[in-house]
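Chemist: Chains A and B are the protein sequences, given in the same order. Reminder that position 150 of the first sequence reads as 150 in the numbering used here, one-by-one numbering, no gaps. Reminder that position 245 of the second sequence reads as 245 in the numbering used here, one-by-one numbering, no gaps.
Mixed in with the good hints, there may be bad ones.
[Said to hold, decoys possible] Facing chain B, according to a computed beta carbon distance under 8 Å, are these residues of chain A, among others: (1) Val34; (2) Glu66; (3) Trp245; (4) Val263.
[Claimed, not checked] Once the Cα atoms are required to be at most 20 Å apart in a straight line, the calculated EDC-like pairs of lysine to aspartate or glutamate come out as: (5) Lys183/B x Glu194/A; (6) Lys26/A x Asp74/A; (7) Lys139/A x Glu236/B; (8) Lys187/A x Glu44/B; (9) Lys147/A x Glu194/A; (10) Lys139/A x Asp80/B; (11) Lys26/A x Glu194/A; (12) Lys246/B x Glu225/A; (13) Lys187/A x Asp80/B; (14) Lys24/B x Glu194/A; (15) Lys239/B x Asp301/A; (16) Lys215/A x Glu194/A; (17) Lys26/A x Asp180/A; (18) Lys323/A x Glu44/B; (19) Lys52/B x Glu159/B; (20) Lys283/A x Glu86/B; (21) Lys147/A x Glu164/A; (22) Lys320/A x Glu159/B; (23) Lys26/A x Glu225/A; (24) Lys217/B x Glu90/A; (25) Lys239/B x Glu90/A; (26) Lys18/B x Glu194/A; (27) Lys123/A x Glu81/A; (28) Lys88/A x Glu149/A; (29) Lys246/B x Glu236/B; (30) Lys321/A x Asp22/B; (31) Lys184/B x Asp233/B; (32) Lys52/B x Asp14/B; (33) Lys244/B x Glu81/A; (34) Lys283/A x Glu248/B; (35) Lys262/A x Glu248/B; (36) Lys195/B x Asp14/B; (37) Lys183/B x Glu44/B; (38) Lys320/A x Glu310/A; (39) Lys183/B x Asp27/B; (40) Lys290/A x Glu148/B.
Quick caveat, the hints were computed from the structure, so don't treat them as lab data. Heads up, the beta-carbon is just placed ideally off N, CA and C, and yes, glycines get one too.
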Amino acid sequence: MSVLVVLEQNAGKWNRMSFEALAAGKTIADALGVPLTAAVIGAAVDSLAKEAAGYPVAKVIAVQHELLTHYTPDGYTSALEQLVKTGKTEAVVFPHTYQVRDYAPKLATRFAQAFVSDVVDIKPENGKASFIRQLFQGKLNAAVEAKGEPQFVSVQAGAFRSLEATGAAATVETFVPQLDASKIRSKPEEPFREAQRSVDLSAAELIVSVGRGIKEKDNLHVVEELAEALGAELAASRPICDNGWLPMERQVGSSGQTVSPKVYFAIGISGAIQHLVGMKGSKMVVAINKDENAPIFETADYGIVGDLFEVVPALVEAVKKAKA
Amino acid sequence: MKIIVSVKQVPARDSALKVNSDGKWLDESDLTFEMNEPDAYALEEALQLREKLGGEVVVLCAGPERVTQTIREALAKGADRAIHVEVSADGGLDALATAQILAKALEGEAPDLILTGLQSEDLGYGQTGVVLAELLGFAHATIVMEVEPLDATVRVKRELEDGWFQNVVLPLPAVLTIQSGIKKLRYATLMGIKKAKTKEVRTIPAASTTPAAQIDKVYLPQRSKQSQILTGDPKEVAKQLVEKLKFEARVI
Chain A
1 MSVLVVLEQN AGKWNRMSFE ALAAGKTIAD ALGVPLTAAV IGAAVDSLAK EAAGYPVAKV
61 IAVQHELLTH YTPDGYTSAL EQLVKTGKTE AVVFPHTYQV RDYAPKLATR FAQAFVSDVV
121 DIKPENGKAS FIRQLFQGKL NAAVEAKGEP QFVSVQAGAF RSLEATGAAA TVETFVPQLD
181 ASKIRSKPEE PFREAQRSVD LSAAELIVSV GRGIKEKDNL HVVEELAEAL GAELAASRPI
241 CDNGWLPMER QVGSSGQTVS PKVYFAIGIS GAIQHLVGMK GSKMVVAINK DENAPIFETA
301 DYGIVGDLFE VVPALVEAVK KAKA
Chain B
1 MKIIVSVKQV PARDSALKVN SDGKWLDESD LTFEMNEPDA YALEEALQLR EKLGGEVVVL
61 CAGPERVTQT IREALAKGAD RAIHVEVSAD GGLDALATAQ ILAKALEGEA PDLILTGLQS
121 EDLGYGQTGV VLAELLGFAH ATIVMEVEPL DATVRVKREL EDGWFQNVVL PLPAVLTIQS
181 GIKKLRYATL MGIKKAKTKE VRTIPAASTT PAAQIDKVYL PQRSKQSQIL TGDPKEVAKQ
241 LVEKLKFEAR VI
């Protein structure tokens, strides 16, 4: 009996969210009184496995096979299916990464189990784990109960504080799954980045960021004037860049840039988690939104519930006056 | 090429959400509904593929009577026909149960491609496409930005994290979950709306499933951080905010 946490590595480097997942796994393992096991997957992951053994886990399993050199959903699913079936596993915990989103639902389906994805909290309730998930981009929370075992869970970025290495040395085991090249259907090519970014928002001290609330491209001048008055960089949430209203390089969030300015103005941005992960490091967050339940107010230091088309021009005037 | 597009109907984006009396889902009585936005992009991709390659686009949608409006919208935009799986209330159905219902409804269809949005805007599991692929024995790719069908395969551009992308080649049939925003969405034309009325909508009952997960409680999140809400008319709040910028953040 154990709780298994699947750590994520890419070309020999950890995805840091792995250690947040490890913390979530520990929460479940401690509540159930069972040991915590970590798994690392790849072609040759001995040194990573050894490093993982320095964390407070009972055991680390290096899941190794040359067909796991590059990630494929078929390869990873089959390898983990075999691993999970070797012992009695109460729960399998993942970081909620793009890669996990690609294969963990498939893995859970092999066990006819639900995959409770993107959880923000785990609470023991009547001897069972109650998983807290966000609905409607964070406007509501839901307590979800998964039936049967093993339970498959992924945890949202930033929801758990990463477990720290203790310098202990847990046992490292190697697991070599049976994989057949003909059963791996997708053929991945080399990952690539598109054109180099010419705008580096990560160094900006002030950022005025705009979201769907701006409604139309022709309204952008409203926020541009604020950025100009403040001497701030202009940025945006994903839908604005998808629409081509601002270039992709000005996008903040999980698929864009990560920023940490002194002040981040979120204007007409509801605050979906994909955006929040890109700006959580800001020293001060100011949110202007007409919906008082918008999740952005959760992250904001100062909030203004109101019409941005009235508030922002007033703010431009006040900033100009203060600077004069 | 035969393409199935799986779409979901969800509460409209700016809806005021109220929890229902049993505390396990929303009170739907005052809600308006719309097509899940990521699914609208999957539909657009399917229509553009058909325009290039010919074939058929079939809309698949599970839900109560109200979803016929979303089905009509998809037909008006150009889908050829639709399958409506009658589910009394799709509220909290987990992704496995939903995919089981959809997989059963596709028996006898033999599509080349199944497209769906990368996630729903209500439950946000982001799994239905992947689970459906597994149940049907199809290959899959998620968070797809571009679709290029080759002979018996399809080459897709996937989005990875942090500005990275990757091309992947998959054998057909395959399930692709489509990233939002990759193409411009079309509007239904008057002609399209008129034509939609004559298009086939096959209504079938949902297969019975056992939920693999259940929602015990839905509630408003507690604010963990005390954000200070500035109040007053726009001029007053602007003045208060400038004070904070000047004396607290020291950026003015």
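Chemist: Evaluate each hint against the coordinates.
Modeler: Hints and how they fare:
no.: 1; hint: Val34; result: 21 Å, violated
no.: 2; hint: Glu66; result: 19 Å, violated
no.: 3; hint: Trp245; result: 11 Å, violated
no.: 4; hint: Val263; result: 5 Å, holds
no.: 5; hint: Lys183/B x Glu194/A; result: 18 Å, holds
no.: 6; hint: Lys26/A x Asp74/A; result: 28 Å, violated
no.: 7; hint: Lys139/A x Glu236/B; result: 28 Å, violated
no.: 8; hint: Lys187/A x Glu44/B; result: 26 Å, violated
no.: 9; hint: Lys147/A x Glu194/A; result: 43 Å, violated
no.: 10; hint: Lys139/A x Asp80/B; result: 36 Å, violated
no.: 11; hint: Lys26/A x Glu194/A; result: 38 Å, violated
no.: 12; hint: Lys246/B x Glu225/A; result: 19 Å, holds
no.: 13; hint: Lys187/A x Asp80/B; result: 32 Å, violated
no.: 14; hint: Lys24/B x Glu194/A; result: 44 Å, violated
no.: 15; hint: Lys239/B x Asp301/A; result: 16 Å, holds
no.: 16; hint: Lys215/A x Glu194/A; result: 28 Å, violated
no.: 17; hint: Lys26/A x Asp180/A; result: 33 Å, violated
no.: 18; hint: Lys323/A x Glu44/B; result: 48 Å, violated
no.: 19; hint: Lys52/B x Glu159/B; result: 23 Å, violated
no.: 20; hint: Lys283/A x Glu86/B; result: 50 Å, violated
no.: 21; hint: Lys147/A x Glu164/A; result: 31 Å, violated
no.: 22; hint: Lys320/A x Glu159/B; result: 41 Å, violated
no.: 23; hint: Lys26/A x Glu225/A; result: 49 Å, violated
no.: 24; hint: Lys217/B x Glu90/A; result: 23 Å, violated
no.: 25; hint: Lys239/B x Glu90/A; result: 55 Å, violated
no.: 26; hint: Lys18/B x Glu194/A; result: 43 Å, violated
no.: 27; hint: Lys123/A x Glu81/A; result: 26 Å, violated
no.: 28; hint: Lys88/A x Glu149/A; result: 9 Å, holds
no.: 29; hint: Lys246/B x Glu236/B; result: 15 Å, holds
no.: 30; hint: Lys321/A x Asp22/B; result: 53 Å, violated
no.: 31; hint: Lys184/B x Asp233/B; result: 38 Å, violated
no.: 32; hint: Lys52/B x Asp14/B; result: 35 Å, violated
no.: 33; hint: Lys244/B x Glu81/A; result: 54 Å, violated
no.: 34; hint: Lys283/A x Glu248/B; result: 11 Å, holds
no.: 35; hint: Lys262/A x Glu248/B; result: 10 Å, holds
no.: 36; hint: Lys195/B x Asp14/B; result: 30 Å, violated
no.: 37; hint: Lys183/B x Glu44/B; result: 7 Å, holds
no.: 38; hint: Lys320/A x Glu310/A; result: 16 Å, holds
no.: 39; hint: Lys183/B x Asp27/B; result: 34 Å, violated
no.: 40; hint: Lys290/A x Glu148/B; result: 41 Å, violated
Against the hints set out earlier in the document, violations occur for numbers 1, 2, 3, 6, 7, 8, 9, 10, 11, 13, 14, 16, 17, 18, 19, 20, 21, 22, 23, 24, 25, 26, 27, 30, 31, 32, 33, 36, 39 and 40.
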